[in-house]
Amino acid sequence: MAVIKGENSSIVISFVLAYGLTLIPYNWEWAIWMPQWVFITSMFWAIYFPLKHGVGWAWFAGLWLDVVVGYPLGVNAFAMAISVALAIFIGPRFRIYSVWLQTWMVFVLAAACSLLTFWAKNIYSMPHSGLESLWTALTSALVWPLIYAYLRVVARIFHLI
Amino acid sequence: MKPLFLKGPSLFARALVFGLIALFLIIADYRMGWTAPVRAAMSSVVSPLYHIIDAPAAISEWWRVTVVSRGDLQRSNESLRNEVLVLRTMAQRLAVLEAENAQLRELLNSSAQVKGRLQVAELIAISPDPDYHTVVINRGGDDGVYLGQAVLDASGLMGQIVEVQASFSRAILISDASHAIPVEVNRNGVRSVLRGLGRLDTLELLHVPATTDIQVGDILVSSGLGQRFPRGYPVATVTSVTTDPGKPFASITAMPTAALNRSRYVLLLFATQSVLQAEAANGGN
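If you're matching them up, the sequences are chains Z and P in order.
Using my numbering, the first residue of the first sequence is number 48, and each one after it goes up by one.
Using my numbering, the first residue of the second sequence is number 1480, and each one after it goes up by one.
Next comes chain Z alone, as it looks inside the complex:
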């Protein structure tokens, strides 16, 4: 068995890309529209490869997001663990949906993730933007077909499918 198998490193690389994309916006006007890249990535792996990427790994990915964005540790970890558990739960149905129906489901899941983040932020401060954060769920849903196509190719290259 190789030390680093292609499949695991492809998952890691996709996450590094997601963290990079998270940091790209250079002002707050754009930031409102930024898709939740890390959540989408985690959701994809969790739905299509639930044995490789489960709730624990989603939690861990959220922890890294907290470090990258500078939140108290655990805010995104909390939201990601629970919303990715939801994603795994609906996974078998999600996999047979058409990509357009999937887009709607991604909106619902990403909205759940951003609302959980919002709730977790209330533990330590008072976030002012209530439903504004749902815009990120909308854009997350809109980029889903692209992410889906890209991650399918990655998964096929590394014989994950």
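There may be inaccurate statements among the hints.
Unchecked claim - If the Cβ cut is set under 7 Å, some of the chain P residues that face chain Z in the computed set are:
#1 Ile1505
#2 Ser1522
#3 Tyr1712
Said to hold, decoys possible - Cβ pair distances, simulated, as ranges:
#4 P:Arg1741 / Z:Arg140: 41 to 51 Å
#5 Z:Ser56 / P:Glu1540: 29 to 39 Å
#6 P:Leu1564 / Z:Leu181: 47 to 57 Å
#7 P:Val1546 / Z:Ile170: 46 to 56 Å
Calculated directly from the structure, the hints in this document are not laboratory data.
For glycine and all other residues, C-beta sits at the position ideal for the given N, C-alpha and C.
Got chain Z; can you put chain P on it based on the hints?
Same frame as chain Z, but now just chain P:
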């Protein structure tokens, strides 16, 4: 090898356990500060990412500065020379005023104001969350940056350092909804607290009685009372004053003088704690 038991604890039981661990972590981090070593270790892994993401912006900045026509350079050189001339003339007056100020302060029995050292830093990332106005700058503990240090740009106060790592640090802006700064009106010395609202262009003055003399256009400067920010740096300009006879306080909004959303270069102010304390003690003088 095939695992013997395919079904572990159920999905939602696992989610619950991880969720509870995360909630515990939030409190351990925010209230107790127990997780600082973990964050420092993880941050050192993350820090190259900031620099990689910033690389295109840095390269385009370098390109903009490097590829300039001779005519443009001459023009900017000339205008800079003129500016230096004007500023030098103003600085001459400043020296006299400073000496006079020191004498007057001596008469009032208060300690002299000490100027802080400034260091230029570059902004390399912003927090992508509109709820959380923080920026990442390319100086860290290795450069002597410390927690609570004031961050300015050329036109005013921007915020303060909230997280220091070895090679970068994070600053919260005055516009963040959890940030407040003690200020005074430059015109008449009325003191108040200026709070962020989570919007880049609007700040709010807290608990100002309706009869207080504050007008639109007044400049608010830091008062130094919190022992965090040095005294006398411009923070915001008053943009609206509304008094409602039914309410005990006037509602006053102000606009930050610093270009919170545009500055790429920021200044870090090094002021010692004793200076800040002395300033706070003399705040009323």
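Hints, one by one, checked against the model:
Look at isoleucine 1505 of chain P: its Cβ gets to within about 4 Å of chain Z, closer than 7 Å, so that hint holds up. Checking serine 1522 of chain P against chain Z by beta carbon gives a least distance of about 6 Å; that is within 7 Å, so the hint holds. The interface hint given for tyrosine 1712 of chain P is violated, since its Cβ lies 23 Å from the closest Cβ of chain Z, which is over the 7 Å cut-off. Judged by the Cβ atoms, the range 41 to 51 Å given for arginine 1741 of chain P and arginine 140 of chain Z holds: they are separated by roughly 47 Å.
The given range of 29 to 39 Å is respected by serine 56 of chain Z and glutamate 1540 of chain P, whose C-beta atoms sit roughly 33 Å from each other. The hinted range of 47 to 57 Å is satisfied by leucine 1564 of chain P and leucine 181 of chain Z, whose Cβ atoms lie roughly 54 Å apart. For valine 1546 of chain P paired with isoleucine 170 of chain Z, a C-beta distance near 50 Å keeps the hint of 46 to 56 Å intact.
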